[in-house]
Every structure is written in C-alpha cells, then in structure tokens.
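Number of protein chains: 2
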Amino acid sequence: MKRITFLLVAVVALAGVVAYMTPASGQAGQEAAPIFVTEIPPGYRDWRLISVAHEEGDLNDLRAILGNDIAIKAYREGQLPFPDGTIIARLAWSYDPSEENNKVFGRPQSFVAGPPKNGVQFMVKDSRKYASTGGWGFAHFDDGTPADEAVLNTCFPCHAAIKARDLVFTRYAP
Amino acid sequence: MKRITFLLVAVVALAGVVAYMTPASGQAGQEAAPIFVTEIPPGYRDWRLISVAHEEGDLNDLRAILGNDIAIKAYREGQLPFPDGTIIARLAWSYDPSEENNKVFGRPQSFVAGPPKNGVQFMVKDSRKYASTGGWGFAHFDDGTPADEAVLNTCFPCHAAIKARDLVFTRYAP
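Taken in order, these protein sequences are the chains called A and B. Taking the working numbering, the leading residue of the first sequence gets 1, the next gets one more, and so forth. Taking the working numbering, the leading residue of the second sequence gets 1, the next gets one more, and so forth.
Keep in mind that the hints are not guaranteed to be accurate.
Which copy? The list can't say, so a pair holds if one copy fits it or any two copies do.
[Unchecked claim] Pairs of lysine-lysine residues, derived as DSS-like cross-links and limited to a Cα-Cα distance of at most 27 Å, are as follows:
1. Lys103 <-> Lys163
2. Lys129 <-> Lys103
3. Lys163 <-> Lys129
4. Lys163 <-> Lys73
5. Lys73 <-> Lys129
6. Lys129 <-> Lys117
For the record, the hints were derived by calculation from the structure and aren't laboratory data.
I would like the entire structure built from these sequences, with the hints used as guidance.
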C-alpha cells in the first residue's frame, strides 16, 4: 500500500512538472510558441501607481498603470531589464465628461473615469517561462475572462517596438 | 526646585494646548477663520489609487487621485462622511501626446503623463481642527512649497458644492 501511494505521488508530481513546462497552446517542444497569463494576479487593484494615460480613438478611455512591489522598485531605481517577478497592470475606464465638475468649474473641461472599459491587462516578467516573447507573459481579461490566443498574439509584436525600455510603453510618473 | 519644574512643565503644556487651538492665521478666538495644511503628508506617492482624470483648459493635465488607507477603506465601504484621518492626494502631470505610442498604434491617439504640473494637493479630514471648512483641511504645494492663504481660500467654496459626497469630487474607480 505504501509503495502504491509513493508511486501515485511520484506520478502526480511528474505530471505537474510536465504541465508546468508545457506551453498553454499545448505545443510541447516548440519553444517558439508563445504562452500567456491565464490567471488574474491577486490584489492588483491595491498596487502602487506607475502612471496614467488617455487613449483616444476606438479605445477612448482613461487608464492607470499599476505595478507590484518588484515593478515599482525597478522603475524607481531605473533597473532594466525588469527583473523576473515584475508585474505591470493596465486598468482602464470609460472617458466620461463630468457635468458635475464642469458646473462647479463654470466651463466644460473635466473628464473623469466612468465604468471599467477595455478590460484589464497584465505583463508578467519571467525570462525563462516567456522566453519566446521577450521574457514577458501577456494577459487580457474582460470581466475576469481571459482573452483567447488570437487576441494575445497581438500584444508582443507592438511591445517589441519598445526595445530600449524592455518592451514596456509606460514611463514612471514622479 | 521640584515646584519650579512642575510649574514650567505646566506652562509649557498649556502653551502647547493654546498653540494647537490657535488657527494658523493667528486669529485666535475667531473660529470661522479657515486653517490649512502646511506639511506634505509623508509617503503619499505610495498610496493606492482612487481614480484618474483629465482636465482641459488652463489646467491641461492628467491627474491621479490617491488615498491613504483610511480613505481607501471609506471609499470601498461607501462610508460617508469620510472619517477623521482620511487624506486624499491629487497629483497631476502635463498632458503630453506620445509620439512613441502613436507611431506603434499607427495613428495619433495616445496622451501620457509628462512632467509634474499644477502642484500636488491634499484634503485632510479632521472634523474638529477644520470645522470651519466642512471638516477638511486643504493644501496645495508647488515643488514642496505650500501655497499662500489666498490660493487655499479658493478650495472650500468649490468643494462645498459636493455636499452629497462630503465635499469630495472624485468617485472611486473600480
């Protein structure tokens, strides 16, 4: 009985290792196949602020970029490339004119964050796991649901343009 | 000797109490004279995000509103009025088009936070100390220097319009 238990544990453990090493796409052995982040990093809404932005056009949002402790430390110390464990979160909200604020200001000038919009995105640094996409795992969630691979395949080609800052668009706002 | 020491301690203690009760303007006894916050709350850049906004016009900035732990808890729990100890910080940066981002997007649409702009502002809740201005002490700092009273006197009249949310313009962005 003890022997069977041991074997079972060994088999389960091995399966776990194999699962970890297998790209999400299931193409084991093809290291170039990108793998993505499928779990929302816990507690990200409590992370510290990196910067803010406004995107016009189809996106038309106000956004905040937050970082976990490793990200904030790297930004403040100018550490490049970002170390493994860095996670950068992009939150976004509807770009809404504020009638309430404008009334007080006496002119139309104020735009505030409305309801969440355009999902939540993450970049997770793991230079080994995500080696095929510059060491970054990309993620996009709409109401908690991860985007499919077709969407996530569009992340890396654009981020790859920002070589000088380790594929990260956002600069730290002091 | 003991008696003199005791008297000295008593006088100093009393002076402290009087100093604490005296409005910053020096107009002791006139409770209606507003008093302001003259020290930058330490560590505010590490506080959590409440929301983001864009102001056009003369301000022309991108801004983030951060809160200390008491503020964040009150926002998330819908606690109104905000409890004593609440501090809300307003940071702002130049509203800068990002040529770098636009090049990658293939169209002009991206505005990011440039250098700090329009100072840093705070609202500090102390219902007793700042009773004459709705329980809020107002502060504005340019490069660490507090604004003069003429500037700070303009805060309360506008904030007073937002009675339903305890004089706070910014809503929490989920």
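Hints, verified against the model:
{"no.": "1", "hint": "Lys103 <-> Lys163", "in the structure": "between (45 Å within a copy, 14 Å between copies)"}
{"no.": "2", "hint": "Lys129 <-> Lys103", "in the structure": "neither (52 Å within a copy, 29 Å between copies)"}
{"no.": "3", "hint": "Lys163 <-> Lys129", "in the structure": "within (19 Å within a copy, 52 Å between copies)"}
{"no.": "4", "hint": "Lys163 <-> Lys73", "in the structure": "within (20 Å within a copy, 39 Å between copies)"}
{"no.": "5", "hint": "Lys73 <-> Lys129", "in the structure": "within (22 Å within a copy, 37 Å between copies)"}
{"no.": "6", "hint": "Lys129 <-> Lys117", "in the structure": "neither (29 Å within a copy, 40 Å between copies)"}
The structure does not agree with the numbered hints 2 and 6 stated previously, though it agrees with the rest.
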